[in-house]
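Residue numbers (the working numbering), protein chains in the order written: chain A, 1 to 361; chain B, 1 to 383.
If you're looking for bench data, these hints aren't it; they were derived computationally from the structure. If you're wondering where the values come from, they're calculated on a predicted model, not measured in any experiment. Hints are all accurate, no fakes.
With a Cα cut of at most 20 Å, we get these calculated SDA-like pairs of lysine to any residue:
| # | chain 1 | residue 1 | chain 2 | residue 2 |
| --- | --- | --- | --- | --- |
| 1 | B | 2 | A | 216 |
| 2 | B | 162 | B | 267 |
| 3 | B | 2 | A | 285 |
| 4 | A | 279 | B | 227 |
| 5 | A | 279 | B | 3 |
| 6 | A | 155 | A | 83 |
| 7 | A | 309 | A | 321 |
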Amino acid sequence: MSQAISVGATEKKPARRARQLRESTINMAHGSGGKKMRDLIEDVFLGAFHNPLLAPLEDQAIINLAELTASGDRLAFTTDTYVVSPLFFPGGNIGALAINGTVNDLAMSGARPLYLSCGMVLEEGLSVDTLRQVAASMREAADRAGVAIVTGDTKVVERGAADKLFINTAGVGVVPTGINISASRATPGDKIIINGTLGDHGCAILLARNELALETDIQSDCQPLHELVQVMLAACPDIHSLRDATRGGIATVLNEFAQSSDVCMRINETALPMRETVKGACELLGLDPLYLANEGKLLAIVPPDAADKVVAAMRHHPAGRQAAIIGEVIDAPAGIVLLNTGFGGGRIVDLLVGEQLPRIC
Amino acid sequence: MKYVDEFRDPVKAQILLNEIQQLVGQIEVCRRRPLHIMEVCGGHTHSIFRYGLQQMLPEAVEFIHGPGCPVCVLPMGRVDDCVALAERREVIFTTFGDAMRVPGSKKSLLQAKAEGADVRMVYSPLDALKLARENPHREVIFFGLGFETTMPSTALTVLQAKKDGVKNFSLFCNHITIIPTIKAILDSPALELDGFLGPGHVSMVIGIRPYDFIANHYRKPIVIAGFEPLDILHSMWMVLKQIAEGRCEVENQYARIVPDAGSLPALQAVQEVFELREFFEWRGLGSIDHSGVRIREAFAEYDAERKFPVPNLKIADPKSCQCGEVLKGVIKPQQCKVFGTQCTPEMPLGALMVSSEGACAAYYNFGRVQITGRSETGRGAAI
Numbered sequence: 001m002s003q004a005i006s007v008g009a010t011e012k013k014p015a016r017r018a019r020q021l022r023e024s025t026i027n028m029a030h031g032s033g034g035k036k037m038r039d040l041i042e043d044v045f046l047g048a049f050h051n052p053l054l055a056p057l058e059d060q061a062i063i064n065l066a067e068l069t070a071s072g073d074r075l076a077f078t079t080d081t082y083v084v085s086p087l088f089f090p091g092g093n094i095g096a097l098a099i100n101g102t103v104n105d106l107a108m109s110g111a112r113p114l115y116l117s118c119g120m121v122l123e124e125g126l127s128v129d130t131l132r133q134v135a136a137s138m139r140e141a142a143d144r145a146g147v148a149i150v151t152g153d154t155k156v157v158e159r160g161a162a163d164k165l166f167i168n169t170a171g172v173g174v175v176p177t178g179i180n181i182s183a184s185r186a187t188p189g190d191k192i193i194i195n196g197t198l199g200d201h202g203c204a205i206l207l208a209r210n211e212l213a214l215e216t217d218i219q220s221d222c223q224p225l226h227e228l229v230q231v232m233l234a235a236c237p238d239i240h241s242l243r244d245a246t247r248g249g250i251a252t253v254l255n256e257f258a259q260s261s262d263v264c265m266r267i268n269e270t271a272l273p274m275r276e277t278v279k280g281a282c283e284l285l286g287l288d289p290l291y292l293a294n295e296g297k298l299l300a301i302v303p304p305d306a307a308d309k310v311v312a313a314m315r316h317h318p319a320g321r322q323a324a325i326i327g328e329v330i331d332a333p334a335g336i337v338l339l340n341t342g343f344g345g346g347r348i349v350d351l352l353v354g355e356q357l358p359r360i361c
Numbered sequence: 001m002k003y004v005d006e007f008r009d010p011v012k013a014q015i016l017l018n019e020i021q022q023l024v025g026q027i028e029v030c031r032r033r034p035l036h037i038m039e040v041c042g043g044h045t046h047s048i049f050r051y052g053l054q055q056m057l058p059e060a061v062e063f064i065h066g067p068g069c070p071v072c073v074l075p076m077g078r079v080d081d082c083v084a085l086a087e088r089r090e091v092i093f094t095t096f097g098d099a100m101r102v103p104g105s106k107k108s109l110l111q112a113k114a115e116g117a118d119v120r121m122v123y124s125p126l127d128a129l130k131l132a133r134e135n136p137h138r139e140v141i142f143f144g145l146g147f148e149t150t151m152p153s154t155a156l157t158v159l160q161a162k163k164d165g166v167k168n169f170s171l172f173c174n175h176i177t178i179i180p181t182i183k184a185i186l187d188s189p190a191l192e193l194d195g196f197l198g199p200g201h202v203s204m205v206i207g208i209r210p211y212d213f214i215a216n217h218y219r220k221p222i223v224i225a226g227f228e229p230l231d232i233l234h235s236m237w238m239v240l241k242q243i244a245e246g247r248c249e250v251e252n253q254y255a256r257i258v259p260d261a262g263s264l265p266a267l268q269a270v271q272e273v274f275e276l277r278e279f280f281e282w283r284g285l286g287s288i289d290h291s292g293v294r295i296r297e298a299f300a301e302y303d304a305e306r307k308f309p310v311p312n313l314k315i316a317d318p319k320s321c322q323c324g325e326v327l328k329g330v331i332k333p334q335q336c337k338v339f340g341t342q343c344t345p346e347m348p349l350g351a352l353m354v355s356s357e358g359a360c361a362a363y364y365n366f367g368r369v370q371i372t373g374r375s376e377t378g379r380g381a382a383i
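Produce the entire structure from the sequences given, and follow the hints as far as they go.
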C-alpha cells in the first residue's frame, strides 16, 4: 500500500509536560471550557491520540491538499455516532467500534482512510479509568487502521442526559483514480460475496447484556476492513458494490443494493457462513441472523468471472479467511431479496420494521 | 447444528413431498377444490413462511392460518388498558417484546414508552418479579399474554410472589385458552376446513385428549405438530393420510415433546391460580365464551385489574379491517381490502400485521410476490 501520506502515528509526544487530571470521575467542570477541561483533553485524549496534526490543539486540523491528491482524485468523507450498550463487550468496546466503523465506511468506497475526528459526549459520573481505556482502544484501533485522530470535541452532560459515553467520529480518505464502487452498480449475473461469519457482533452485544443468562464464547467481529478491500481491488479493480453489513445485518444491505440497482438479490441459506454458537443463540432467542449486526463484515458485488479470484484473494487475508460466494444478482423481481432455504423452499427477505435489538453500535 | 439440522433435511422433505403428492391423488375432494388445512398455532405460521412450505406443497393443499398468535387476537381495548396501567407514575410495566407494537385505539405501548411511561421488555415473568424485588417502591405489573404455553410460567410466578411475600408485583392477565376458540371457528358458518395441525407447545401442557371433540363431534382429522419444517410436512402427510383413509383421529406427531396426558405440574399451577372467565373478547373473532382466564379470588392482591382502575372499554375493530375473516380462513391475507395498502407492518391497522406470527405480517414479509414457478409435478421448485 502507498505510504505517501504520513499520518503521524509514530510521532513522539509533545515535549512540554502535559496537564494531569486529578479526579477519578467526570463532573460538569470537565466540559466547562476551563482548566478542568484542558486537564481532561491533554491528559486523556492528547495523551492517547497524540500526533502532529492534533498537537497544536487548534479548532481545526490543517491537512495538506497536495499530499491527498498524490494518492487519488476524490475525497471520501463520512460520519457515524456510536451509542453501544454495554461500553465493553467480548471482542471490543465503544472506542474500537468508533474507529473501525468509520474506517470501514470510508473503505467501502475503495478509499484509503486517513484522518478521523472524534466528538465525545460524556455523562457526569463516568469513570475516568473507563474513559482512559476507551481512548487507549481508539488509539490502538487507529494505529491498526493506519489513521490519525486529528481533531475533536468534548461535551459533558448531566447524569441521565446521556448513557455514560457517546462517541461521534467523522473521517476522510482518498479514493484512487479509476475505482468506482456504488450500491447502484449491481448487475444481473454478478456474484454476492461475504468475508466471513454473520451475526457475531449483534449476538455478542446481546449476550454481554447478561439479561439472558446464556454463557457462550461469542466475540464481536469488530475489525478494520480497509486492507481487505485493497486486496479485493487488487484481484478485481471493477468491484461493482461494497458495503459493510452493520445495523440491520446483511438483509438490510442486500435490500439497499436491490433497490439502488433495481435488481433482485438471490442468496442461498446453506452458503451463509455462521458460527455454530451464533446459530444456536438465534434458534433459542428467535432471532434472524440475517438481521443481526456485524462490525467487521462486508458484502461485495463482483462480476461473475472475477468472483472466484476475489474470494481466493480474500481468504489469504485474516479478515477474509471464511470468505464465500453466498448468492447472485438476477434481474427480477427487481428491488427484492430472495432466500433459497436449505430446506428447498424460498422466501422474501424484507427490510426490518422496528428493531430486533436496540443500541448495538 | 445437532438436533436442528436433522429436522431440516431437504432429502427427507422431498420424500415426504412425493408421498403427499400421491395422497392428494387419492383424495376425492382435491379434484374439485384445494384442501384447507388450518395450522392453529402462530409458531407454525412463522415456520411455514420462513421455510417457504406453501410453495413446496402441491397446489391442491392450502394452509389456512389460524388464530394462534396471542398478540394478534388481543383486542384494542385491552391494549388501551395496558397503556393506562403503564402510564401510572408508580408503575413499571413489563411485557414480552412482541406486544410492544400492537396498536391500541390511541397508541401502542412503544408509543407510551416514548412519551415517558416506564415500559420494560422482559423474557420471562420471573424477570418481572425480580424487578419488583429490586424496586420495592414501585409497582411492577407483568402483562400476562398467551395460550396455555405461557400460562404455567405466569401461574408459577404468582405462586412464587405469594410465597415470598412480594407485595409490589401484580399480573395484568390476558391469558386465553385455545379449545373454545377452535370450537368457535368450527361453528362458524362460512367455514370450509378439512383438517388441523394442532398446536405443539400448548399441547405440551394440556395433552392431546382435549382435542377429541374435533375428531369425534366435528369429524375433522387433527395432528399435533412440531415446529421444524420436517415436523410440519410430516404432520401434513399424517392429516392427508387420515383424509385419504376416511379416518378422523387425534394423532401426535410431536411425541418427542408432547406427552399424551400433558404436564400435570403445569396444569396444577394453572388450576391453582386461574379460573375461566365467562367470556373474553378476541380481536377479529368477537366475544367467545370461556375463552380467557382470570386470577382467582385467593390471589386477588396479585391481580392488576383489582389493584388498579382499568378503563376496560370495548373498542370496535377498524371497519375496513378483515382480520376476523382471515383468522377463520374465509379469505386469504392478500384478499383483505386494506392488505399492503392501508395496512402494512410499518403502519398496522389489523393485529395480524403486527406480530411476525401474524398471518398477514408473515405473508407480507415472506411471500407477497409469487417467488417460484411450480415444477411440472406440482411441487414448488427451489427459487
